[in-house]
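In this text, residue positions in the sequence shown follow numbering that gives the first Met the number 0: the first is 0, and each later residue adds one.
Keep in mind the hints are simulated off the structure, nothing from the lab. In this text, a Cβ means the ideal position worked out from N, Cα and C, and glycines have one as well. It is possible that some hints are incorrect.
Claimed, not checked - Label-pair distances were calculated between CB atoms; the ranges are:
{"hint": "1", "residue 1": "PRO21", "residue 2": "SER52", "range": "16 to 22 Å"}
{"hint": "2", "residue 1": "GLY28", "residue 2": "ARG80", "range": "44 to 50 Å"}
{"hint": "3", "residue 1": "ALA71", "residue 2": "ALA41", "range": "33 to 39 Å"}
{"hint": "4", "residue 1": "ALA12", "residue 2": "PHE51", "range": "22 to 28 Å"}
{"hint": "5", "residue 1": "ARG9", "residue 2": "THR53", "range": "19 to 25 Å"}
{"hint": "6", "residue 1": "GLU77", "residue 2": "THR13", "range": "38 to 44 Å"}
{"hint": "7", "residue 1": "ARG65", "residue 2": "VAL31", "range": "18 to 24 Å"}
{"hint": "8", "residue 1": "LEU16", "residue 2": "ARG48", "range": "22 to 28 Å"}
{"hint": "9", "residue 1": "GLU20", "residue 2": "GLU77", "range": "16 to 22 Å"}
{"hint": "10", "residue 1": "PHE33", "residue 2": "ALA74", "range": "47 to 53 Å"}
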Amino acid sequence: MKTATVRQFRDRATSLLKQEEPIIVTRHGKIVGFFLPAVGEALPLEIKRDLFSTLTDEIRASMKGRGLTEDAILADFEKARKTRRRR
């Protein structure tokens with residue numbers, strides 16, 4: 000397993016992403032992310048579920064922190080859609 004700083008990962012992303020070895024990305028010595036090369040064409044169902052769960056938790060927390068509701072977001076999308084159609 001390789002380790003790269005955020006700057007190294009950004010600067011050498013193309014070559015790092017071509018490798019088949021997992022990469023831990025760090026900032027100031029702390030892990031901030033990782034890259035795990037995909038094997039095959041599709042993600043395993045377990046990974047899809049974990050990603051979905053993590054993303055929905057993050058979105059829910061972000062909405063709560065900003066005082067947003069699902070209805071308010073849907074209304075904003077609808078308003079943007081109508082504005083776009085008028086052009």
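Verification of the hints:
1. Take PRO21 and SER52: their Cβ atoms lie about 21 Å apart, and the range 16 to 22 Å holds.
2. Under the hint 44 to 50 Å, the C-beta atoms of GLY28 and ARG80, about 45 Å apart, fit the expected range.
3. The supplied range of 33 to 39 Å is met by ALA71 and ALA41, whose beta-carbon atoms lie about 35 Å from each other.
4. At about 25 Å, the beta-carbon gap between ALA12 and PHE51 stays in the expected band of 22 to 28 Å.
5. Look at ARG9 against THR53: about 22 Å separates their beta carbons, and that is inside 19 to 25 Å.
6. Against the hinted window of 38 to 44 Å, the Cβ-Cβ separation of GLU77 and THR13 comes to about 40 Å, which satisfies the hint.
7. The given range of 18 to 24 Å is respected by ARG65 and VAL31, whose C-beta atoms sit roughly 23 Å from each other.
8. The beta-carbon spacing between LEU16 and ARG48, approximately 24 Å, falls within the hinted interval of 22 to 28 Å.
9. Between GLU20 and GLU77 the CB atoms are about 46 Å apart, so this pair departs from the stated range of 16 to 22 Å.
10. Distance hint check for PHE33 and ALA74: the Cβ-Cβ separation is about 37 Å, which falls outside the suggested range of 47 to 53 Å.
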